[in-house]
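Engineer: Sequence:
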Amino acid sequence: MKNMRKRKMLITVAAVLLLASGGMRAGAQTQVPYDTYNYDYWGNLVYTPAPYVPAGKLSGESLGIGAFSAPQDMFLAGDTLYVADTGNNRIVMLGKDGKLKGIIDSLGAREGEESLKSPKGICVTADGTVYVADSGNKRVVVLDSDGNLLSQVRDPKSDVLPKQFEFVPSKVVVDYAGRVYVIADNMYQGIMCFSEKGEFTGFTGTINVTLSPYEIFWLRFSTKEQRSRQKLYIATEFTGMDIDGDGFIYATNIDNDGRQSVRLLNPKGQDVIGKKDSVPLSGDLQWRLAGDYGGASRIVDVTERGKGIYSILDYTRGRIFTYDAEGNCLYIFGGMGTQAGTFQTPTALEAWDDRILVLDAGRNEILLFQETRYGQLINEATGLRYDGDETQAVERWKEVLKYNSDFELAYSGIGKATLAAGNNREAMHYLRLAMDKEYYSIAYKRFRNEILERFLPVAFTLGLGLIAARAAWRVIRKRRMQKGGGA
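Mind the numbering: the sequence shown is residues 7 to 493 in the numbering used here, read in order.
Keep in mind that a hint or two might mislead.
Each computed DSBU-like pair below joins lysine-lysine, with the alpha-carbon atoms no more than 35 angstroms apart [to be verified]:
1) Lys408 - Lys63
2) Lys274 - Lys169
3) Lys203 - Lys144
4) Lys281 - Lys63
5) Lys102 - Lys123
6) Lys313 - Lys105
7) Lys163 - Lys105
Computed spacing ranges between beta-carbons, pair by pair [said to hold, decoys possible]:
8) Thr467 - Trp48: 25 to 31 angstroms
9) Lys105 - Lys144: 32 to 38 angstroms
10) Lys408 - Gly471: 48 to 54 angstroms
11) Asp277 - Thr467: 52 to 58 angstroms
12) Gly312 - Lys451: 30 to 36 angstroms
Because the hints were derived from the structure by calculation, they are not lab data.
The beta carbon of each residue, even a glycine, is placed where N, CA and C say it ideally should be.
All chains should be built: construct the whole structure from the sequences, respecting the hints.
Structural biologist: Written as structure tokens, this is what we have:
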């Protein structure tokens, strides 16, 4: 292990020297107003090249519609970006060119309430139907592509809902079957589910909270009133959602312990997200190493990016964390501040082609981040591996290592591909650098069996030959002794 650490240190020093000599295309990647880093096998913070760099911003002023006011959500549908401009009671639509495509503020309603009031969530289906969490009006409105009111979801009734419950939706997504999923304020039982007709059908994604021994003791000896307050204390609240084409919901939640802040819910409501046993899916692993003492990351939004890749947004430090389908952290970037490219109040996240967009309710702007070559290579390698194209993935991983020789996931990707190709000894080398104990063990066993298969027949033949020679020598020796005794 010590030799391996020395080897990695030498590789790192060589990379730094290469950077200094201009041998790597660092350029703007090192000139960003935030830290870019990841964590190694030991949980230590390791600084990396920038996967994304600031690439401008969009504002209400630049669109000619007046400043945004405390915007809370975004949704990408085709070539249109929908923005919930909450304080201005409107939905703003933008094109890829950053120009205004339209505004929804009047619903052409048939049932009164012709305008939105503090819309906090937005979702658009493939056929252009728009769903808005119209929080101020305590409803979800369903609109056609022109903004005309088709229907609404409001005031759900059920025996499982608290008697004093007030329906105030904050986020909404819709699956391919027209089922509507809503995160509602002060609802801790899970994500609310509605049929395509707007009927409440139950909850999904309910998080089972594990109590500490102290909490169990407190619960047992507390009064009825104290227990009712504790139910709110231990409950977990969802904060953001996104949905993929198969109806699987990515959902973020408040997690004060830093264990798991994002889930992937299948249509049955089960969490099927890929994760490592020892690595939380909750943003920063070591809060002090992140540069402050603000506690666990508060994850407020998630965006599904295809090929098993997804990104989550940390409200506490303004970080964007990106993971693959297995729960490996690909890269981390972003930060709070007053400089261009930093955040004040990040609220929503979207990925659009090779850009990442962050909605900032403090700046009242959409901040744009452009993919660098380093980020592009990681995204491509991860996607190729997800599709099973290991050969092309290996080429991308090798190029990633030219930018960041400490990237353990790149070594792991090369090692797994090499293992699949049957090159067990070479796979052991890369998997050792990746600190991938599971696959290193597999490679070692296969290499050992390979050696045994290669040399065991020879050893067996030699062994039989030695046994036969020894037996023959005994017979010859015995005969000589007999002849000598007869003389």
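Engineer: Next step is simple, just say for each hint if it's right about the structure.
Structural biologist: Okay, the hints, checked on the actual structure:
1. Lys408 - Lys63: The given pair, whose Cα atoms are some 31 angstroms apart, holds under the 35 angstroms limit.
2. Lys274 - Lys169: 26 angstroms, holds
3. Lys203 - Lys144: 17 angstroms, holds
4. Lys281 - Lys63: Holds, because 34 angstroms separates the two Cα atoms, which is no more than 35 angstroms.
5. Lys102 - Lys123: 27 angstroms, holds
6. Lys313 - Lys105: Within the cut-off at roughly 29 angstroms; holds.
7. Lys163 - Lys105: Answer violated: Lys163 to Lys105 is near 42 angstroms, above 35 angstroms.
8. Thr467 - Trp48: 25 to 31 angstroms: 47 angstroms, violated
9. Lys105 - Lys144: 32 to 38 angstroms: 33 angstroms, holds
10. Lys408 - Gly471: 48 to 54 angstroms: Holds: the Cβ-Cβ distance is about 52 angstroms, inside 48 to 54 angstroms.
11. Asp277 - Thr467: 52 to 58 angstroms: 56 angstroms, holds
12. Gly312 - Lys451: 30 to 36 angstroms: Because 35 angstroms falls inside the window, the suggested range holds.
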